[in-house]
Amino acid sequence: MKAGKTMPATKHVKMPGKLVMVGFGSVGQGVLPLLLRHLKIARSQVLVITGDERGAREATRYGVTFMVNPLTRGNIRAVLEPILRPGDFLLNVSVDVSSVNLIELCQAKGVLYLDTCIEPWAGGYVDRRLSPSQRSNYALREAARALNRKKPNGPTAVLTHGANPGLVSHFVKRALLDIARDTKLRVPRPTSREKWAELAEKLGVKVIHIAERDTQKAVPDKSRGEFVNTWSVEGFAGEGCQPAELGWGSHEKELPHDGKRHEFGSGCAIYLQRPGASTRVRTWTPLEGPFHGFLVTHSESISISDYLTLKSGNKLRYRPTVHYAYHPCDDAVLSLHELAGRNWKLQERQRVLMREIVDGVDELGVLLMGHAKGAYWFGSQLSVQEARRLAPHNNATTLQVCVAILGGIVWAVENPNCGVIDPDEVDYERVLEIAAPYLGKLTGSYSQWTPLVDRGLLFPEEVDAEDPWQFKNFRVV
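According to numbering that gives the first Met the number 0, the sequence shown holds residues 0 to 476 in order.
Heads up, a few of these hints could be off.
To be verified - 27 angstroms max Cα-Cα, derived DSS-like pairs, lysine-lysine: (1) K183 / K440; (2) K372 / K252; (3) K17 / K149; (4) K183 / K13; (5) K194 / K183; (6) K108 / K150; (7) K471 / K372; (8) K310 / K108; (9) K201 / K13; (10) K314 / K471; (11) K344 / K216; (12) K10 / K149; (13) K201 / K310; (14) K194 / K310; (15) K201 / K252; (16) K194 / K344; (17) K13 / K108; (18) K17 / K183; (19) K13 / K216; (20) K183 / K259.
Hints in this document: simulated from the structure, not taken from any laboratory.
Please model the complete structure; the sequences and the hints are all you need to start from.
Encoded structure:
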């Protein structure tokens, strides 16, 4: 669809009950008009429960019930149990409210569920009583997935289905099919987890970056003592303070010097003994070219790596290395620099950039490397101007999140008895069908870039020239 045209109000699915939204920050406010536009639901069926007055005016404007009642360990059941009924849908776009506790309640009540990340209770990301492994996204995912053992065919609960994690898992499948087509690898379209993993193995994919460059710029720019971002400040700062995490590939020869394995769970990922917001890696996108991104922990780094794992008996046969490589908007980079200087104590003033953005693009995609054609990036190039034309209360970053939420909700309603699942288990074609009209330019681009390009020109570096896809070649200390 060309920019500037009115988006058709296609009603994708009828909601069987109430839609209860927990949280109403930038993403909650951005997704509400999309849900009213594309779901068969009366405004009287929508209830917002949030921790403060942010968004009260917008909720009133759209005619939905707005309730300020911060959820805590002590009141979560007392608040939600009288509200939730079988067939309802709980959309969690909050911070500091435990996703696992919300899912447990939804499973017991027969309620569908979706979130954009697996949240702990307040302080869980930086709780010094916990080891880095215990406060990792790996641990949070293991706890959420364990709920399936109690109710394997329970109400569908879609974990971490925003832009990333979420949408990028569907980009990976599309990218794998594109590479297979362009390398003339004739294989049936995969219909199971094992078949997708076998396709990735046959193609020779060794590394997958979730490679994102956000160039949105606002006036006024960041001031001292302020954290500025194009989406949730609390969410970004929280994940930035978690340990850097990545899915760990079968081709990797040795752990990084500060790399650690988890002592529980599937073993598909490792973590580094440092915050993700202090760890940079080399990556590439079509518009930006090569750049340094932050290796911030995200659930997709773990779920994609796990999903594409193959074993022969108990022996690991194939797995790609997967991690996020994120260059946020320039003011957010300055905010992280200041946050690190404050020893990871969040600035007193925080601002999510929305109306004050004057220009820029969020280029979000997946970079698959090691195959016969070198490197292939597939993803969304969405400008802030187009995002504003397509949906109210959004910038380029939030709209990529919001349409993934919409797609995940539609799929969950259409498939209500799948239990607790990762985005990788959701039908990628259905989600992309719903999301694509809102993603700007969806494009694929090949490159001969490797992490060794122009390395060692000014100073000698310890790299493995025989295998450019070792993680040591991506690292920037």
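So, going through the hints one by one against the coordinates:
1. For the hint linking K183 to K440, the alpha-carbon distance of about 25 angstroms falls within 27 angstroms, and the restraint holds.
2. Among the hinted pairs, K372 with K252 is consistent with the structure: their alpha-carbon atoms are about 23 angstroms apart, no more than 27 angstroms.
3. Note on K17 and K149: the hinted pairing holds, with a Cα-Cα distance of about 25 angstroms set against a maximum of 27 angstroms.
4. Annotation: proposed proximity of K183 to K13 is violated, straight-line Cα distance about 41 angstroms (limit 27 angstroms).
5. Taking the CA atoms of K194 and K183, the gap is about 17 angstroms. The hint holds against a cut of 27 angstroms.
6. Only pairs whose Cα atoms come within 27 angstroms are accepted, and K108 paired with K150 is accepted, the gap being roughly 12 angstroms.
7. This hinted pair checks out: K471 and K372 have alpha carbons roughly 22 angstroms apart, not beyond 27 angstroms.
8. Between the alpha carbons of K310 and K108 the distance comes to roughly 37 angstroms, so the proposed pair goes past 27 angstroms and is violated.
9. Between K201 and K13 the alpha-carbon distance is near 41 angstroms, which puts this suggested pair outside the 27 angstroms criterion.
10. Restraint check: the Cα-Cα separation between K314 and K471 comes to about 24 angstroms, which is no more than 27 angstroms; the hinted pair holds.
11. Restraint check for K344 and K216: satisfied, since their Cα atoms lie roughly 25 angstroms apart, inside the 27 angstroms limit.
12. Note on K10 and K149: the hinted pairing is violated, with a Cα-Cα distance of about 34 angstroms set against a maximum of 27 angstroms.
13. Under the criterion of a C-alpha separation no larger than 27 angstroms, the hint pairing K201 with K310 is consistent with the structure, at around 14 angstroms.
14. A threshold of 27 angstroms between alpha carbons decides the hint, and for K194 with K310 the separation of about 13 angstroms falls inside it, so the pair holds.
15. Between K201 and K252, the direct Cα distance comes to roughly 20 angstroms. Compliance with the 27 angstroms bound is thereby established for this hinted pair.
16. The hinted pair formed by K194 and K344 fails the criterion: a straight-line CA distance of about 45 angstroms is larger than 27 angstroms.
17. Between K13 and K108 the CA atoms are separated by roughly 20 angstroms; this keeps the pair inside 27 angstroms, and the hint holds.
18. Of the pairs offered as hints, the one joining K17 and K183 is violated, with about 48 angstroms between alpha carbons and a cut-off of 27 angstroms exceeded.
19. About 38 angstroms separates the Cα atoms of K13 and K216, which puts this hinted pair outside 27 angstroms; it is violated.
20. Distance hint between K183 and K259 is unfulfilled; the C-alpha atoms sit about 39 angstroms from each other, more than 27 angstroms.
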